[in-house]
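Student: Since the structure of chain A is already known, use the hints to place chain B on it.
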Amino acid sequence: MSEQLTGAEIVFKALNEHGVDHIFGYPGGAVLPLYDQISKEKNIKHILVRHEQGAGHAAEGYARSSGKPGIALVTSGPGATNMVTALTDAYMDSIPLVCISGQVPTHLIGTDAFQECDTTGITRPCTKHNWLVKDVNQLAEIIHKAFHIATSGRPGPVLVDIPKDVQFQKGVYKSANQVVVETYKPKLKAELTSIEKAVELIVKSKKPIIYSGGGVINAGTKASDALTEFARVTNFPITSTLQGLGAFPGSDPQFLGMLGMHGTYEANNAMHECDLMINVGARFDDRITGRVDAFSPNSKKIHIDIDPSSINKIVKVDVAIVGDCLSVLNDMLTTLKNKHSDFCSSNKEKISDWWKQINKWREKKSLSYKHDDKLIMPQYAVERLYELTKNKDSFITTEVGQHQMWAAQYYKFDKPNRWMTSGGLGTMGYGLPAAIGTQIANPGKLVVDIAGEASILMNIQEMSTAVQYKLPIKIFILNNQWMGMVRQWQELLHGKNYSESYTEALPDFVKLAEAYGAVGIRAKTPKELDDKINEMVDIDRPVIFDCLVKKDENCFPMIPSGKPHNEMILGPEDDEGITEEGKVLV
Amino acid sequence: MSKSAYEIDDHHDSVERYVVVAWVDNEAGVLARVSGLFSGRGYNIESLAVSEVDHERKISRITIATNGTKEVIKQIQAQVLKLVPVHKVNTYPINEETIFRELALVKFIGEGEILQKAEQLCVDNKFEFLDKTSKSFIVQALGLRTEIDEFIKKIKALGTVSISRTGALAMKKGSETVKDNKGLVL
Chain A
1 MSEQLTGAEI VFKALNEHGV DHIFGYPGGA VLPLYDQISK EKNIKHILVR
51 HEQGAGHAAE GYARSSGKPG IALVTSGPGA TNMVTALTDA YMDSIPLVCI
101 SGQVPTHLIG TDAFQECDTT GITRPCTKHN WLVKDVNQLA EIIHKAFHIA
151 TSGRPGPVLV DIPKDVQFQK GVYKSANQVV VETYKPKLKA ELTSIEKAVE
201 LIVKSKKPII YSGGGVINAG TKASDALTEF ARVTNFPITS TLQGLGAFPG
251 SDPQFLGMLG MHGTYEANNA MHECDLMINV GARFDDRITG RVDAFSPNSK
301 KIHIDIDPSS INKIVKVDVA IVGDCLSVLN DMLTTLKNKH SDFCSSNKEK
351 ISDWWKQINK WREKKSLSYK HDDKLIMPQY AVERLYELTK NKDSFITTEV
401 GQHQMWAAQY YKFDKPNRWM TSGGLGTMGY GLPAAIGTQI ANPGKLVVDI
451 AGEASILMNI QEMSTAVQYK LPIKIFILNN QWMGMVRQWQ ELLHGKNYSE
501 SYTEALPDFV KLAEAYGAVG IRAKTPKELD DKINEMVDID RPVIFDCLVK
551 KDENCFPMIP SGKPHNEMIL GPEDDEGITE EGKVLV
Chain B
1 MSKSAYEIDD HHDSVERYVV VAWVDNEAGV LARVSGLFSG RGYNIESLAV
51 SEVDHERKIS RITIATNGTK EVIKQIQAQV LKLVPVHKVN TYPINEETIF
101 RELALVKFIG EGEILQKAEQ LCVDNKFEFL DKTSKSFIVQ ALGLRTEIDE
151 FIKKIKALGT VSISRTGALA MKKGSETVKD NKGLVL
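Note that the protein sequences, when read in sequence, are chains A and B. So for the first sequence, the numbering used here puts the first residue at 1; every next one is plus one. So for the second sequence, the numbering used here puts the first residue at 1; every next one is plus one.
Hint data in this document are derived by calculation from the structure and do not stem from the laboratory.
Listed next, the in silico DSS-like pairs over lysine-lysine satisfying Cα-Cα at most 30 Å (straight line):
| id | chain 1 | residue 1 | chain 2 | residue 2 |
| --- | --- | --- | --- | --- |
| 1 | A | LYS189 | B | LYS182 |
| 2 | A | LYS392 | A | LYS550 |
| 3 | A | LYS187 | B | LYS82 |
| 4 | A | LYS313 | B | LYS179 |
| 5 | A | LYS550 | A | LYS496 |
| 6 | B | LYS74 | A | LYS316 |
| 7 | A | LYS390 | A | LYS445 |
| 8 | B | LYS74 | A | LYS563 |
| 9 | A | LYS316 | B | LYS70 |
| 10 | A | LYS170 | B | LYS58 |
| 11 | A | LYS197 | B | LYS74 |
| 12 | A | LYS68 | A | LYS390 |
| 13 | B | LYS70 | A | LYS300 |
| 14 | B | LYS172 | A | LYS316 |
| 15 | B | LYS70 | A | LYS301 |
| 16 | A | LYS445 | A | LYS68 |
| 17 | B | LYS70 | A | LYS313 |
| 18 | B | LYS82 | A | LYS313 |
| 19 | B | LYS70 | A | LYS189 |
| 20 | B | LYS82 | A | LYS189 |
| 21 | A | LYS337 | A | LYS356 |
| 22 | A | LYS527 | A | LYS412 |
| 23 | A | LYS222 | A | LYS206 |
| 24 | A | LYS40 | A | LYS134 |
| 25 | A | LYS316 | B | LYS88 |
| 26 | A | LYS42 | A | LYS170 |
| 27 | A | LYS415 | A | LYS360 |
| 28 | B | LYS182 | A | LYS174 |
Among the chain A residues that face chain B by a calculated CB cut under 8 Å, a handful are:
| id | residue |
| --- | --- |
| 29 | ARG124 |
| 30 | PRO125 |
| 31 | LEU132 |
| 32 | ILE149 |
| 33 | VAL181 |
| 34 | THR183 |
| 35 | LYS185 |
| 36 | PRO308 |
| 37 | SER309 |
| 38 | ASN312 |
| 39 | LYS313 |
All values derive from a computational prediction rather than experimental measurement. For each residue, glycine too, the CB sits at the ideal point set by N, CA and C.
Same shape as in the complex, but just chain A (with noise of 0.2 Å):
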């Protein structure tokens, strides 16, 4: 007879064989049996936060940063509503992350017993599969199964609710090579005839440009390699959604910096008047392609997607490839190489127009702005960091907001998997959980959260995480007292009618990080910024930098809601009037 073991002991003898290291959790009533096995780990760390919404965005930050699935560990009711947020988040953004909640008794569900609510009805929606796990001879190949499901195809969150009495309930362990899920199977490798349709349209195209996204950090730090080999190949100008950034390096020339609402005017430009559009791994987000029946008007686009539900569901393509980036990358290059040999010495030649017109584009130099003697530009601030830190093998989360953009922006990333923030749900509250998750799972490194000052006060608990486990993370904070992106909207849309978009009574920044044990510093002036910095970077503890910047500074270029790429805002100057349509656009 097979050995008997308790549920709790199912669970972690399964995380065990998945690798994992570090749980993000908060204990309960509900996940009790739970959190004695985790005292008797050797292997796995749990990491305490104060909030369940910090421990999914948390994970979400160690699997964004590592590559690996993140786990966190809430218990019932609350615990698991709290977790919804973070779920949906990492549904939208596809990260791979694995959610145990505990449960009421089997006995109690559906009495509206204390603690009790309807996991996964209400998890349903947003995560890519959950399960409610009544027997206990069933837990070991649930867990498995969650794993295979939350990492592999499109990557997403799942969630396992494990009712109490199962937790205590002895049965038997399956290993992981024991379960198979026959109605899941993710395709990765592409036909061949899309691949050999995307090549002709290739080598025939003057005016190309490639639109790569977060599917390519989600195929591994390889995509991105074989994605920058593409790039080198074909000498094509390249362009990234704000998941996308650091696949293609960002400080490279041929990157034309981000697209779409806050993208460049080069970026734009290139989008809407190439000949072709070569889509890696991105979705057509609303924010990326503006108005659709005006979206790059004259191109043939290729696709390629791991999701087959992402084919034709915004914008109509000509080439839908269903498979894997790196797959899908790697089978165009051989057959770029093997079929079109001469390709590569004649391509340069038959783009150099294109590259002229983009560089023409690039004179614009959209992301230009004011400086200032005595206010620290919010740009500015992003800049400096981005310069003071660019040699540290930095990783940058971000909150929600102006400060998210000015971040995509002006930091430049060359590497996958160094960027975390919040694209699709657009979480405030995501930035600093992230920076604690991406610091757990990258000991030694510079991890920085760009914040606002609305945003880094949802999740303002978790600096308690921070300095528990020693985690020299540094919250660099632009402060300009408004929720500055809904001040911007109500300036452009509303008539400035700033309708409670301004934040009283401040927490002192400096004193709040005293208060929690980190360290509190401020910066006021341009002069100052650049040693105080530096003095941020030195410190091997938690800060708070509090950032003070221009209150009133826009967020540009923008498209505004309801225009074309073709109709960008560059800065204040340039008042395009929006349309009533577009004030209905979010």
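Tutor: Chain B alone, transformed into the frame defined by chain A:
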């Protein structure tokens, strides 16, 4: 149909009725996953019929009548297939190549001449009587949705009725079948 502000301009494509058939593992919550996907993404469910069709493999067949443009229907198919417990998804436009059937149980309450008239209507339609009393009957109406709609309209005009209806079932004509990943007929 998607009502997103960024909706594809697909006004040129006409909205048509389709039947979406999904073969799923018969496990807890699977119907909620499918129906929740429809409501969450703004797709319409006109009718829905579901039951286990293979007790050994525990596979259920979910049949959903919906409407949308070709593109929307393709998107529905891709989204439903993405759900983990789903084996296969097929979509059938409502046309000659596919058999569609719905069933309704109709209880009519009435007396004398009215009851006789209502009975005659059922006889004309060749519907089977399942229960008869001096004041009522229950009839089983079988056919296309439009046929049953028409019948119900007529019998309602005669008196008091209580109606129970299934969703549509669909099956492609001819010997062609749908197979799962292992090549087994679904």
